[in-house]
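Number of protein chains: 2
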Amino acid sequence: MRVLLVGAGGVGGAITKIAARRPFLDHMVVADYDLTRAERAVAALGAAADRFTAVRVDATDQAGVTALLTEHRCDVLLNATDPRFVMPLFEAALAAGTHYLDMAMSLSRPHPERPHQECGVKLGDEQFARGEKWTQSGRLALVGLGVEPGLSDVFARYAADDLFDEIEEIGVRDGANITVDGYDFAPSFSIWTTIEECLNPPVVYESDRGWFTTEPFSEPEVFDFPAGIGPVECVNVEHEEVLLIPRWVKAGRVTFKYGLGNEFIEVLKTLHKLGLDTTAPVTVNGDGGPVRVSPRDVVAACLPDPAGLGDRMRGKTCAGTWVKGTKDGQPREVYLYHVVDNEWSMREYGSQAVVWQTAINPVVALELVATGAWSGSGVLGPEAFAPRPFLDLLTDYGSPWGLREQ
Amino acid sequence: MRVLLVGAGGVGGAITKIAARRPFLDHMVVADYDLTRAERAVAALGAAADRFTAVRVDATDQAGVTALLTEHRCDVLLNATDPRFVMPLFEAALAAGTHYLDMAMSLSRPHPERPHQECGVKLGDEQFARGEKWTQSGRLALVGLGVEPGLSDVFARYAADDLFDEIEEIGVRDGANITVDGYDFAPSFSIWTTIEECLNPPVVYESDRGWFTTEPFSEPEVFDFPAGIGPVECVNVEHEEVLLIPRWVKAGRVTFKYGLGNEFIEVLKTLHKLGLDTTAPVTVNGDGGPVRVSPRDVVAACLPDPAGLGDRMRGKTCAGTWVKGTKDGQPREVYLYHVVDNEWSMREYGSQAVVWQTAINPVVALELVATGAWSGSGVLGPEAFAPRPFLDLLTDYGSPWGLREQ
Numbered sequence: 001m002r003v004l005l006v007g008a009g010g011v012g013g014a015i016t017k018i019a020a021r022r023p024f025l026d027h028m029v030v031a032d033y034d035l036t037r038a039e040r041a042v043a044a045l046g047a048a049a050d051r052f053t054a055v056r057v058d059a060t061d062q063a064g065v066t067a068l069l070t071e072h073r074c075d076v077l078l079n080a081t082d083p084r085f086v087m088p089l090f091e092a093a094l095a096a097g098t099h100y101l102d103m104a105m106s107l108s109r110p111h112p113e114r115p116h117q118e119c120g121v122k123l124g125d126e127q128f129a130r131g132e133k134w135t136q137s138g139r140l141a142l143v144g145l146g147v148e149p150g151l152s153d154v155f156a157r158y159a160a161d162d163l164f165d166e167i168e169e170i171g172v173r174d175g176a177n178i179t180v181d182g183y184d185f186a187p188s189f190s191i192w193t194t195i196e197e198c199l200n201p202p203v204v205y206e207s208d209r210g211w212f213t214t215e216p217f218s219e220p221e222v223f224d225f226p227a228g229i230g231p232v233e234c235v236n237v238e239h240e241e242v243l244l245i246p247r248w249v250k251a252g253r254v255t256f257k258y259g260l261g262n263e264f265i266e267v268l269k270t271l272h273k274l275g276l277d278t279t280a281p282v283t284v285n286g287d288g289g290p291v292r293v294s295p296r297d298v299v300a301a302c303l304p305d306p307a308g309l310g311d312r313m314r315g316k317t318c319a320g321t322w323v324k325g326t327k328d329g330q331p332r333e334v335y336l337y338h339v340v341d342n343e344w345s346m347r348e349y350g351s352q353a354v355v356w357q358t359a360i361n362p363v364v365a366l367e368l369v370a371t372g373a374w375s376g377s378g379v380l381g382p383e384a385f386a387p388r389p390f391l392d393l394l395t396d397y398g399s400p401w402g403l404r405e406q
Numbered sequence: 001m002r003v004l005l006v007g008a009g010g011v012g013g014a015i016t017k018i019a020a021r022r023p024f025l026d027h028m029v030v031a032d033y034d035l036t037r038a039e040r041a042v043a044a045l046g047a048a049a050d051r052f053t054a055v056r057v058d059a060t061d062q063a064g065v066t067a068l069l070t071e072h073r074c075d076v077l078l079n080a081t082d083p084r085f086v087m088p089l090f091e092a093a094l095a096a097g098t099h100y101l102d103m104a105m106s107l108s109r110p111h112p113e114r115p116h117q118e119c120g121v122k123l124g125d126e127q128f129a130r131g132e133k134w135t136q137s138g139r140l141a142l143v144g145l146g147v148e149p150g151l152s153d154v155f156a157r158y159a160a161d162d163l164f165d166e167i168e169e170i171g172v173r174d175g176a177n178i179t180v181d182g183y184d185f186a187p188s189f190s191i192w193t194t195i196e197e198c199l200n201p202p203v204v205y206e207s208d209r210g211w212f213t214t215e216p217f218s219e220p221e222v223f224d225f226p227a228g229i230g231p232v233e234c235v236n237v238e239h240e241e242v243l244l245i246p247r248w249v250k251a252g253r254v255t256f257k258y259g260l261g262n263e264f265i266e267v268l269k270t271l272h273k274l275g276l277d278t279t280a281p282v283t284v285n286g287d288g289g290p291v292r293v294s295p296r297d298v299v300a301a302c303l304p305d306p307a308g309l310g311d312r313m314r315g316k317t318c319a320g321t322w323v324k325g326t327k328d329g330q331p332r333e334v335y336l337y338h339v340v341d342n343e344w345s346m347r348e349y350g351s352q353a354v355v356w357q358t359a360i361n362p363v364v365a366l367e368l369v370a371t372g373a374w375s376g377s378g379v380l381g382p383e384a385f386a387p388r389p390f391l392d393l394l395t396d397y398g399s400p401w402g403l404r405e406q
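From first to last, the protein sequence lines stand for chains A and B. Quick note: the first sequence, position 36, residue 36 per the UniProt record's numbering, numbers continuous. Quick note: the second sequence, position 237, residue 237 per the UniProt record's numbering, numbers continuous.
There's no promise every hint is true.
[Stated by the list, open to error] Dumping the calculated DSSO-like pairs for lysine-lysine here, alpha-carbon to alpha-carbon at most 27 Å:
(1) K273(A) / K122(A)
(2) K273(A) / K250(B)
(3) K269(A) / K273(B)
(4) K269(A) / K250(B)
(5) K122(B) / K250(B)
(6) K273(B) / K273(A)
[As the list claims (entries may be wrong)] A short list of chain A residues far from chain B (calculated; beta carbon distances all over 12 Å):
(7) L45
(8) A49
(9) Q62
(10) K122
(11) K133
(12) E219
(13) K250
(14) A307
(15) D328
(16) M346
[Claimed, not checked] Far from chain B by the CB rule (all over 12 Å, computed), these chain A residues:
(17) R37
(18) D82
(19) E405
Keep in mind that the hints were calculated from the coordinates and are not lab data. Virtual Cβ for every residue (Gly too), placed ideally from N, Cα, C.
Looking at chain A on its own, in the form it has when it is part of the complex:
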């Protein structure tokens, strides 16, 4: 399989390191807006670098990306950029006649009048609207295949296929106990993106209501995470699983709750209260007179860059899917999960845990497409496919998943 990877940031870099160990990969073109970043990612692979080529790309230049796919005879475009670039890359792959895989989905826009009650444009709507074109092309657009969304969706399908007869509720629950040495407060992921995710109206699915939205940080609950992480306060956050799972899995209710913890939630609420979450520029005095800056950029500039914190991070991150329902007439409740210990991922791959956990899943998916274990055409989520091959291959990669009956 020949792959065009677009984006050589934290997740993109980890993808190259994971893919370099797998023989299914014939060649990977590593493309980034910053060519030196792509070159650094390839150089870091050492002896394995011969299956990789670094190139420069502008992800917004759809024709340029299509040309790159054709020129390098790629079978698939793997999108490891910011969600802002989903649509041009998705269209570029369609135009080139290749498969496409991403780890998020096209962006949402809140309902203009009732943002905290009704959905406006939902996550993925723009992509699903192009479904017929993809089906006609005979190519596969596999959307939302990171860890969350991604592995969490595979877990949901596995629960529906093998563990339950009827499902009352599916709740994706994400939590960690990662700390960063030497900092009073240092998020292990982009504060800019976290603000974006957490202040968008969270979306919930109920079988009798369809999709609807709530106030930010709604329905707080304390979820007890496995592997020594323990209880963390989780709240509703807008996330792709809520839009994906109900399309292929029957469930009474689907939610996504993020284990931000009390402290982080309070920080986000305070930033919002003071208007510091906004991207609309304010005027302040700079060195040479008045300048206009985005308050959210200033918040990000005051905090350390999470990509460089791997060596100072300690702890584990857990992604998983909690399912409640019945099996053989008996009530059942399970949590299917995947844990990465930062010490392990730094030692084994030189990647911090949060980034590495996202990166492994699209590589597993590419291998399933390469071997033909997963096939199809159209715009499909991870839960559209047989889950067992994915879960078995994940274990084969040395990163097993777990099941907790509760």
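Let chain A serve as the given structure and place chain B on it in line with the hints.
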């Protein structure tokens, strides 16, 4: 009496409105770095404006300020600027041979090694170091005479003279129930200055230890304020009274606690945790490329200007001095206080309550100096003088004080 008022901001403007109603004032020169601001303050006085002249001044230009005092034959310089300008204005008055009055004191600098245990340079140290010069000049430098410090110090002296035989503790306590319509969060005073005050190490006085410092926000207590304000969470904050009161009033312990309330304390702690309180510039992308800005300036720019909020503010502000000790062998505890209702101050003076409450006290003090009721030479705090004339004149101005036995 002829007065040079330096600073025509919120407090300076309220001073002109209050002084315009008092016949003791022969003339007031209203000086500001921004001449139009001085002119606006004078024009706002209507028919009373003939006793006022607007001029431009640079408060850091000591020789220029001295020349202005001489040119206009002023008896006193009233400093209504930011505490950064205390020293040049204080020296300018000494050089001109006039009296001097301010509402704060020269700034502190934390102890270089043990900032939260020991004092470094204390508030007012630089001014008291010049005490002999002032005594020799026969002129009075009346320092720290606003509401807090100021009226709070007068209350302390009054308690010592008339209400107690022995004083165990004097605690200045400041609280309010002011809300601002239309804003989720809108401080009624400068967030920039509040950050500065609240993140400096708070200072405490104990008779057997002298002055020492603590961690920010130390010794939280809920103080029940009068006039319907009710209980507010107060914490230790660096403030001039703690440095002034023990110089003239015997007490076992002196503290200042600010009724910031839980919400405000949490906001300040969060800003500090994220590094958003700092004035050291960070680099972010502006409209035309990278620019350097102070995070604290960005925080201030995101919030509404408190000077313009008077019409939207509702509620009361209370300044006062709680005293615990014995009288005639019996334990006694009182709270001496002064409350201003924003609705009243806006209607009567067109000034918001917090600003107006600060402004009335230096005008009362000037009148006491003008009539000879208060006299002396050297660098003196409000508690160096007989308190009763001050308190009676305050009541005569239409803004009575209160005493609560507790």
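Against the structure, the hints come out as follows:
1. Proposed proximity of K273(A) and K122(A) is supported: the alpha carbons are some 26 Å apart, at most 27 Å.
2. Restraint check for K273(A) and K250(B): the C-alpha separation of about 44 Å exceeds 27 Å, so the hint is violated.
3. Note on K269(A) and K273(B): the hinted pairing holds, with a Cα-Cα distance of about 14 Å set against a maximum of 27 Å.
4. A C-alpha spacing of about 46 Å is found between K269(A) and K250(B), which places the hinted pair above 27 Å, so the restraint is violated.
5. Straight-line distance between C-alpha atoms of K122(B) and K250(B) comes to about 20 Å, which keeps the hinted pair within the 27 Å bound.
6. The hinted pair formed by K273(B) and K273(A) meets the criterion: a straight-line CA distance of about 16 Å does not exceed 27 Å.
7. In this structure L45(A) is separated from chain B by more than 12 Å, as the shortest Cβ-Cβ distance comes to about 31 Å.
8. Consistency note on A49(A): stated as away from chain B, and its beta-carbon is indeed over 12 Å from all of that chain's, at 33 Å minimum.
9. With a least CB separation of 25 Å from chain B, Q62(A) remains clear of the 12 Å interface cut-off, as annotated.
10. Every CB of chain B lies more than 12 Å from the CB of K122(A), the least distance being 28 Å, so the non-interface label holds.
11. With a cut of 12 Å on Cβ distances, K133(A) stays outside the contact zone with chain B, its closest approach being about 36 Å.
12. Even its closest Cβ contact with chain B, about 22 Å, leaves E219(A) beyond 12 Å, as expected for a residue assigned away from the interface.
13. At roughly 41 Å from the closest C-beta of chain B, the C-beta of K250(A) stays outside 12 Å, upholding its exclusion from the interface.
14. In this structure A307(A) is separated from chain B by more than 12 Å, as the shortest Cβ-Cβ distance comes to about 17 Å.
15. With a minimum CB-CB distance of about 50 Å to chain B, D328(A) clears the 12 Å threshold, and the non-interface call stands.
16. The beta carbon of M346(A) is kept farther than 12 Å from every beta carbon of chain B, the shortest such distance being approximately 26 Å.
17. Here R37(A) stays apart from chain B, with its beta-carbon at least about 18 Å from theirs, past the 12 Å limit.
18. A cut-off of 12 Å between C-beta atoms confirms that D82(A) is not in contact with chain B; the least separation is 15 Å.
19. With a closest Cβ-Cβ approach of about 39 Å to chain B, E405(A) is found to remain outside the 12 Å limit, as its non-interface label requires.
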